[in-house]
Every structure is written in structure tokens, then in C-alpha cells.
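Given chain C, work out where chain V should sit, using these hints.
Protein chains in written order, with our numbering: chain C, 1 to 342; chain V, 1 to 342.
Misleading hints may appear alongside valid ones.
Identical copies go unnamed one by one, so any copy, or any two together, can satisfy a pair.
Stated by the list, open to error - Taking lysine-lysine pairs in the DSS-like style, the calculated list, with each CA pair at most 25 Å apart, reads:
id: 1; residue 1: K265; residue 2: K134
id: 2; residue 1: K212; residue 2: K12
id: 3; residue 1: K12; residue 2: K77
id: 4; residue 1: K186; residue 2: K77
id: 5; residue 1: K258; residue 2: K134
Since the hints were derived computationally from the structure, they do not count as laboratory data.
Protein chains: 2
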Amino acid sequence: MRIVVDAMGSDKNPVPDVEGAVLAAREYGDTVILVGDQPLIENELARYSIAGLSLDVVHAAQHVTMTDRPSVVGRGKPDSSMHVGMRLVRDGQGDAFVTAGNTGAVLAIATLHTLRRIPGVFRPALSTILPVQKRLMILLDIGTNADCRAEWLEQFALMGSLYAERALGCSVPRVALLSNGEEEGKGNMLVREAAELLAHSGVNFIGNVEPKDVLGGAADVVVMDGFSGNVFIKSLEAMSSTLLDIIRDELTADLRSKMGGLLSKPAFRRAYHHLDPFEIGGAPLLGVNGVVIIGHGRSNARAIKNAVRQARQAVSGQIVEAITTGLAKTSLSANDQTSEQA
Amino acid sequence: MRIVVDAMGSDKNPVPDVEGAVLAAREYGDTVILVGDQPLIENELARYSIAGLSLDVVHAAQHVTMTDRPSVVGRGKPDSSMHVGMRLVRDGQGDAFVTAGNTGAVLAIATLHTLRRIPGVFRPALSTILPVQKRLMILLDIGTNADCRAEWLEQFALMGSLYAERALGCSVPRVALLSNGEEEGKGNMLVREAAELLAHSGVNFIGNVEPKDVLGGAADVVVMDGFSGNVFIKSLEAMSSTLLDIIRDELTADLRSKMGGLLSKPAFRRAYHHLDPFEIGGAPLLGVNGVVIIGHGRSNARAIKNAVRQARQAVSGQIVEAITTGLAKTSLSANDQTSEQA
Chain C
1 MRIVVDAMGS DKNPVPDVEG AVLAAREYGD TVILVGDQPL IENELARYSI
51 AGLSLDVVHA AQHVTMTDRP SVVGRGKPDS SMHVGMRLVR DGQGDAFVTA
101 GNTGAVLAIA TLHTLRRIPG VFRPALSTIL PVQKRLMILL DIGTNADCRA
151 EWLEQFALMG SLYAERALGC SVPRVALLSN GEEEGKGNML VREAAELLAH
201 SGVNFIGNVE PKDVLGGAAD VVVMDGFSGN VFIKSLEAMS STLLDIIRDE
251 LTADLRSKMG GLLSKPAFRR AYHHLDPFEI GGAPLLGVNG VVIIGHGRSN
301 ARAIKNAVRQ ARQAVSGQIV EAITTGLAKT SLSANDQTSE QA
Chain V
1 MRIVVDAMGS DKNPVPDVEG AVLAAREYGD TVILVGDQPL IENELARYSI
51 AGLSLDVVHA AQHVTMTDRP SVVGRGKPDS SMHVGMRLVR DGQGDAFVTA
101 GNTGAVLAIA TLHTLRRIPG VFRPALSTIL PVQKRLMILL DIGTNADCRA
151 EWLEQFALMG SLYAERALGC SVPRVALLSN GEEEGKGNML VREAAELLAH
201 SGVNFIGNVE PKDVLGGAAD VVVMDGFSGN VFIKSLEAMS STLLDIIRDE
251 LTADLRSKMG GLLSKPAFRR AYHHLDPFEI GGAPLLGVNG VVIIGHGRSN
301 ARAIKNAVRQ ARQAVSGQIV EAITTGLAKT SLSANDQTSE QA
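Okay, chain C solo, but in the shape it has when bound:
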């Protein structure tokens, strides 16, 4: 397998990106192709013992920054590491692309300039993978499509279900809609309409779920519009970091608490580990014609390595082929009239 890694993606690029690629090449034995500023990458590589590893470098003259505007960068930086990396995948010289870079730019460059959409896809969807109750679940869309139509959600459900089955090892994924109440009839108009569609679709639709059900592991695939999904994910992050800050403050407030905190340190480390997004590393952009795994800008080397693992699983599971076939089998497909480019 040949995994293409964006060396210029993370906030601290190319340091964690290159180290993560080295760790992945060592652990998985795959070919890892680093794309970016060649001298910079080779400088970094010189710090590791890489004899016997299958590591290639492909030069890219430009790179996308976190503040670059996605709408501009697609045409404006045609030789960015994202363009070059995804062209390698498009042209069959790589099996997947992994990046911790600017999400909006990845989406624009994938959809409009390199891989393009799988035939029939209304809109690609950004996902996240959460470890819940010792299983993995996939949530989508978490930010790409702020305003959605019901049939887009239906397609997200199909793509998410195939991903859970083929890349997360879930045999019959339970698919749910995020809602403001579990009861039938709850939800906004979009959710109610999508629920109708999902009830008659091929996926194993179990109904609506609330945030607590999601964290309780009630579903394997949770579908939502990109606005609610983004609010949902960011609320979880905000609450967990607020709560941990409060606890940290209180644990240093007096001597007794300090001693307690010191003794509890390993327990806290274990607790934190349950929630550590770097354990997952990244999540797929679904609906484009190639495997693309997007990690957090703050990714460290371990996160990059784990994102490569996620990419490998998606490639082994032949997710792109599965979505292509899945869409072709249903009538659920963008036609010329509804498929303006996202």
C-alpha cells in the first residue's frame, strides 16, 4: 500500500508530519510518500533512522496555510502539497492521502481540482470518528454543508454506513439521525424529512438520537447537517476542556487537593486517554473519488501515524469502490440538475 502524507499540513509542519510518516512506515511496513518542500522534508528525515523503510519524497513547490481561503487556494496554489498529493492518488500513484491541513482547502482542492466527486454524490461530507464505549462510531457531516437537503443526509447515511462496515469493523452499522429528541416526530423539518427517506433506504436506520445517546454508543453512524454537526462536535470539545480546566484549578487550590491530584495523576491520564482525539488521528472526507483522511491541525506525530492507520483501513475496505457501487445501485444519486459543484 502507498499512503501519501502531506508534510506541510499540521500547525507545526513539517515536524510532526514527517515524524508521523516515519512511525507509520516503521509500524505498518507500507510505502509512505511525503509530499511538500523537499529540502525541508529531507532535513527532517535526516533526524530519524529510516534505513529499510519505504519512504519516498515528492516535491511540492507551494503549501496551503491555515489562514488561506479555500475558495482562493484551489486555483491560486496549484502546486501545493495538497494538490500534488491528491493528484498522486487520482493518477494511481498513491492509494490514500493524509493531511492535517486546512480542512476547507482540502475539501475545495479534492472536490473541485483533483479527485472530484464519486459519480452521483450530491455533496462530499466531512466526518469525525469517536471512540465510544470501546467501539468506534462515525459522525457526518460535521461542517462542510451548513445547509442540507434531506436526500443529502440520506446519502451521508449510506456513505457513513459503508465506512463503518468496511473501515471501522462494524458488521451491521446502526444508523441514526442527530435530533432534539428521540421520539418520532421530533426534529426540525430536515430531520423529519430525512427520517422518512431513511426508513425506506437500504441502511439499518434506528431512528433519532440525542447527544447523550451518541456518547452512550446507541449508534454506529450518526448523520446530521453540517451546521448542527459542527455545533455538536465543538460543544463536546468545549465542554470537556472547560470541565478539565475547572477540575485542574480546583485540584491546585489547596494542599489536600494538590496531594489528591498528585495521587490521581495516572487515573486522570487514563481518563484523558479515553477522549484523546490523537488516538484516532483523522477521519475521512467521504464522497470524493479517493481516500482522503483529515487530521487536526494540532496533530502530533502519533496522530499522524494513526491517521495513516485510518487511511490503510479505508483502502483495505475499498471504501471508494463500495460507495461507487452503493450509489449506482440506488436511485439516490445526484443528476445534472441537482449536482452543481459544491
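Showing chain V alone in chain C's frame:
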């Protein structure tokens, strides 16, 4: 001041409801009118020393349960404690109504059967009050209106701003829209449209906020549609309880952690206190023609007492009068064509 308390509201009614009323009458010196099953209430009252307190009981032959359907209960139980309590407020025999009962039923009975809307109100909004960075902020709508129009959000902003000013002691409330990004142009269509309206409205609109900004105290009033608001609030609750469960599990995993946990107990109690919803007690249903404070079904006596405090502040702040005047001064008002009953 005469605060009407629903004795049949909470999950464990009438126990915490009556005890909370007693605590409130004692602490604030106001008249508290308990509404519900008179023999039951008097039985409960007999357990407390209430000599010298101004406590009245008004009988209500029916009461709304948590599983009653709001659409049915409005006409179906015309003598419920909610109907009787809100009629007292409507008829000037009470200044505010406090309940820990079925939220949907409160909304239906307030809007359609007793208090009704303040003239010009498009839709009443359910709010929540969060203690953040040692200040109080109000969030609305958190569940009443799953599908909103931009001008409804504009009105929520006005009502929330007046509440923050008059009942939460905030002199120039900063009003924001919950969004999937702070940047201008982010948001779904509704948020973008509402941002346009708010930029030219009388409120102190500071732009869009993300969940982390909300918890960081970036605004005093955060406005959203009821679907996103519900997802937001429930995500915070779900994450905080999940995280606390994980920490609790890890703190009992081995002897060292157990000792640490024991020593840290007061620190955890203080941390928990920061997030304790019972400290606030309840939040207003805004837009109806009377002060209505809704608490959580799991309310204990302290929560009920604190909900009465919230009611007192709303009454002192003359919130209903302020909203009535505020709406009359703007062109922002429901007219006959757009104001079908919610």
C-alpha cells in the same frame, strides 16, 4: 411579591416543590402560593415549621405528568396546576409562575390557554441560564422552535438582551449568534440572515460565536434556533456527565487512585458546584404575557428555591413590561399574517 409555585411539577412532586417553596418564603420573605393537590400539599407543609411565613395554597384538581402530550394536555386538563397557576398570574393574583414540570406542556398552556403571547411576539422562546466565568448568560431558543425564521431570532435577541439587563444584572449585554465559525459569512443561511438583521437592530450585536466562546464568556446573550440550541445544551450535559463518569471510573480503578480520589473529594465537589444547574434553578419562557420560570424535572428543593429567586429578579426587572415596550418601539413585530399561534 407573590410567586406562584407549581407543587406538582418536579419528578418527585410534591416533595421538593413544597420544600423549595418553604425555603424561598423563609429566605426572601415573599408570599409563595403553592398550586396543586391541596391535601397533598398541606401534608407536606406539615413537615416544616412555617409559622410566620407567607405561604398560601390554591387547589388544582389535575396535574400534568412528564409523559403527557403537550398538544393534548392544554385542553385535556384545564384544571391542572399549570393552568390554575398561570391563570393566577394572568388575573393579577400572582406575579410569576415557577414550575419544574413538563416543558412542552408549560409552553402550550402558557401560549395557547392562559397567559398568551405579548402583542407582537412571533414565537415564545425557551431559555437557559449558564453560569460562565462568574457571570450569568442567557441562551435562547433551546428547544421550542426547531425551525426558525431570521426575524424570530432577531426577536429572541431583543428579549434575551432585555432579560440579561433587567434580571441578570448585565448593563450592556453583548448579543451573539451561535454559529459554526466566528468569521463573518460563516453560519447556515438562517444565521447569515439573522446576522444581517441584528447588525441593524437596537441590540449590542457582537457577531457569531462558537461553543468554546460561549463557555469562555464571550457573550451575555446567545441566540440560536431551537434545534441547534437543544443539540448544544444537551451536548454540554452529555459531555460533562460522560467525562465525570470516566474520571469516576478511573479514580476507583486501583488503590492509589482511590486514595487520590478521596483526598480530591472536596476539590471535585467545588468543581461540580461550578456546573450545578440547581444553583440557577430555572430559566424564563420569554415572550408570554407573564413571568414564567421553568426548572428541570429533577429539581431538588434548593433548585426550586433558586428558581423562585430567578422569578423575583424577573418580576423586579419588569421584564414583561420591558419586552412589551421594546417590541412596540420596533417594527419587529408579528402581524396578523405571520403570527399563527405557535
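Each hint, compared with the structure:
Taking the shortest alpha-carbon separations for K265 and K134, only the intra-copy value of 22 Å comes in at or below 25 Å, while the best inter-copy value is 28 Å. Taking CA atoms no more than 25 Å apart as the test, K212 paired with K12 passes between copies only; the shortest distance there is 23 Å, against 34 Å inside one copy. Taking identical chains as interchangeable, the C-alpha atoms of K12 and K77 lie at most 25 Å apart only when both belong to the same chain, with a minimum of 20 Å there against 63 Å between chains. Taking identical chains as interchangeable, the C-alpha atoms of K186 and K77 lie at most 25 Å apart only when they sit on different chains, with a minimum of 23 Å there against 45 Å within one chain.
Taking the closest pair of Cα atoms, K258 and K134 come within 25 Å of each other only across two copies (23 Å); inside a single copy the shortest separation is 31 Å, beyond that limit.
Comparing the model with each numbered hint stated earlier shows that all of them hold.
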